[in-house]
Each structure stands twice: as structure tokens, then as C-alpha cells.
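Note that the UniProt record's numbering has the sequence shown beginning at 1, numbered continuously upward.
In short, the hints are calculated from the structure, not lab data.
If you're wondering where the values come from, they're calculated on a predicted model, not measured in any experiment.
Keep in mind that a hint or two might mislead.
Label pairs and their computed distance ranges (CB to CB) [unchecked claim]: (1) Pro108 with Val128: 17 to 25 Å; (2) Gln29 with Gly64: 44 to 52 Å; (3) Gly112 with Ala89: 34 to 42 Å; (4) Gly64 with Arg145: 37 to 45 Å.
Within a straight-line C-alpha distance of at most 20 Å, the following computed SDA-like cross-link-like pairs (lysine to any residue) qualify [unchecked claim]: (5) Lys104 with Lys114; (6) Lys104 with Arg18; (7) Lys104 with Leu45; (8) Lys104 with His94; (9) Lys104 with Met38; (10) Lys104 with Arg115; (11) Lys104 with Ile81; (12) Lys104 with Val86; (13) Lys104 with Leu85; (14) Lys104 with Ala49; (15) Lys104 with Ala74; (16) Lys104 with Leu134; (17) Lys104 with Phe87; (18) Lys104 with Trp71; (19) Lys104 with Leu54; (20) Lys104 with Arg40; (21) Lys104 with Ile121; (22) Lys104 with Gly57; (23) Lys104 with Glu65; (24) Lys104 with Ala123.
Glycine included, each C-beta is placed from N, C-alpha and C at the ideal position.
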Amino acid sequence: MSASDPRPAVASADNPRRPYVRPMAGWWQRNPFFVRYMAREGTALFVAAYALILLVGLVRLAQGEAAWNGWLEALRSPASILLHLVFVAVFAFHTVTWFEVLPKTMPPLIVGGKRVAQSAITAGAIAVAAGASLALFGIVWGLTR
Numbered sequence: 001m002s003a004s005d006p007r008p009a010v011a012s013a014d015n016p017r018r019p020y021v022r023p024m025a026g027w028w029q030r031n032p033f034f035v036r037y038m039a040r041e042g043t044a045l046f047v048a049a050y051a052l053i054l055l056v057g058l059v060r061l062a063q064g065e066a067a068w069n070g071w072l073e074a075l076r077s078p079a080s081i082l083l084h085l086v087f088v089a090v091f092a093f094h095t096v097t098w099f100e101v102l103p104k105t106m107p108p109l110i111v112g113g114k115r116v117a118q119s120a121i122t123a124g125a126i127a128v129a130a131g132a133s134l135a136l137f138g139i140v141w142g143l144t145r
């Protein structure tokens, strides 16, 4: 037993064997499924960061027109535009992987006596999300013109 080994040399007075302690370092890096899972979960940090950006915008709006215009100007900077492009890519990955999980978490969908394929559920959900996003974009675009 080394000095860095946290396991006791003896499990108990009755049992002289050391207990098995599963190594946890890098467990998710050994399986591609878990790497993808951790990447999907990591996108939540980007969602939180964007929520903070929007929260700062709300605070600036409450502080008055000059503060609001300063925040808008900061969003127009090249660094901010690049950051938003990264956000779009990360959010697209998050959305696609979220909808890939959808058919695994819902009850079986039966249409015409046959089970709908998981890929069809995922594709349908992505299409609905894209359509709703485009509709919202169109509404906002129309309201700002």
C-alpha cells in the first residue's frame, strides 16, 4: 500500500482483504457514449453564460437608455459576434443531442399499430423546433421593421 492509496490496509478485524475501490479518474473518457454525454452536459455551462449576458442586458435596460445603448454597442463588437457564433454552434449541438435523447425517455409512440422509429421522432422534433424558431424569428423581424 502506498502513502497516496486511500484504501485501508485491512477492511476489518474479521476480514483481512482490502476492499475494491473502483478508479473514478477519467471514467467518462473511456467510452464514446459517455464522452458525448459529458459534452452535452457541458453545454449547460454555455446556456448559463448566455443567461448571464441576457441578465446583464436586463439590468442595463433598467439603468436607463445610455446604459442600454452601451450594452447594445458591446454586443456589436467583433469579440461579441464571435462569442455569439460559438454560442449558436454549442446550442445547435445541445438541441440535436437533446432531441436524440427524447425518444429514449418517452413512452413508445404507436401510429397505425406500429411503433414510430426513434430516428423519426428525433427528426420530427428537430423539424418542429426549427420551424418554431423560424416563426419566432419572422415575428420578431416583422415587429422591428
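We went through each hint and held it up to the structure:
The hinted window of 17 to 25 Å between proline 108 and valine 128 holds, with their beta carbons roughly 19 Å apart. At about 49 Å, the beta-carbon gap between glutamine 29 and glycine 64 stays in the expected band of 44 to 52 Å. Under the hint 34 to 42 Å, the C-beta atoms of glycine 112 and alanine 89, about 38 Å apart, fit the expected range. Between glycine 64 and arginine 145 the beta carbon distance is about 26 Å. The supplied range of 37 to 45 Å is therefore violated.
Taken as a hint, the lysine 104 and lysine 114 pair is honoured in the structure, with Cα atoms around 17 Å apart against an allowance of 20 Å. A hinted pair counts as satisfied when its Cα atoms are at most 20 Å apart, and lysine 104 with arginine 18 does not qualify at roughly 39 Å. Pair hint lysine 104 plus leucine 45 does not hold up; C-alpha atoms about 24 Å apart against a cutoff of 20 Å. Distance hint between lysine 104 and histidine 94 is fulfilled; the C-alpha atoms sit about 16 Å from each other, no more than 20 Å.
Proximity of lysine 104 to methionine 38 is assessed by CA-CA distance (about 17 Å); at most 20 Å being required, the pair is judged to hold. Between lysine 104 and arginine 115 the alpha-carbon distance is near 13 Å, which keeps this suggested pair within the 20 Å criterion. Between lysine 104 and isoleucine 81, the direct Cα distance comes to roughly 36 Å. Violation of the 20 Å bound is thereby established for this hinted pair. Taking the CA atoms of lysine 104 and valine 86, the gap is near 28 Å; set against the 20 Å cutoff, the hint is violated.
Proximity of lysine 104 to leucine 85 is assessed by CA-CA distance (about 30 Å); at most 20 Å being required, the pair is judged violated. Between lysine 104 and alanine 49 the CA atoms are separated by roughly 28 Å; this puts the pair beyond 20 Å, and the hint is violated. With a C-alpha separation of about 41 Å, the suggested pairing of lysine 104 with alanine 74 is violated against the 20 Å cut-off. For the given pair, lysine 104 sits about 27 Å from leucine 134 by alpha-carbon distance, which is inconsistent with the 20 Å threshold.
Pair hint lysine 104 plus phenylalanine 87 does not hold up; C-alpha atoms about 26 Å apart against a cutoff of 20 Å. As the CA atoms of lysine 104 and tryptophan 71 are separated by approximately 41 Å, the hinted pair breaks the 20 Å bound. With a C-alpha separation of about 32 Å, the suggested pairing of lysine 104 with leucine 54 is violated against the 20 Å cut-off. Restraint check for lysine 104 and arginine 40: the C-alpha separation of about 16 Å stays at or below 20 Å, so the hint holds.
Restraint check: the Cα-Cα separation between lysine 104 and isoleucine 121 comes to about 10 Å, which is no more than 20 Å; the hinted pair holds. Taken as a hint, the lysine 104 and glycine 57 pair is broken in the structure, with Cα atoms around 37 Å apart against an allowance of 20 Å. Note on lysine 104 and glutamate 65: the hinted pairing is violated, with a Cα-Cα distance of about 48 Å set against a maximum of 20 Å. For a cut-off of 20 Å, the pair hint linking lysine 104 to alanine 123 stands: about 14 Å separates their Cα positions.
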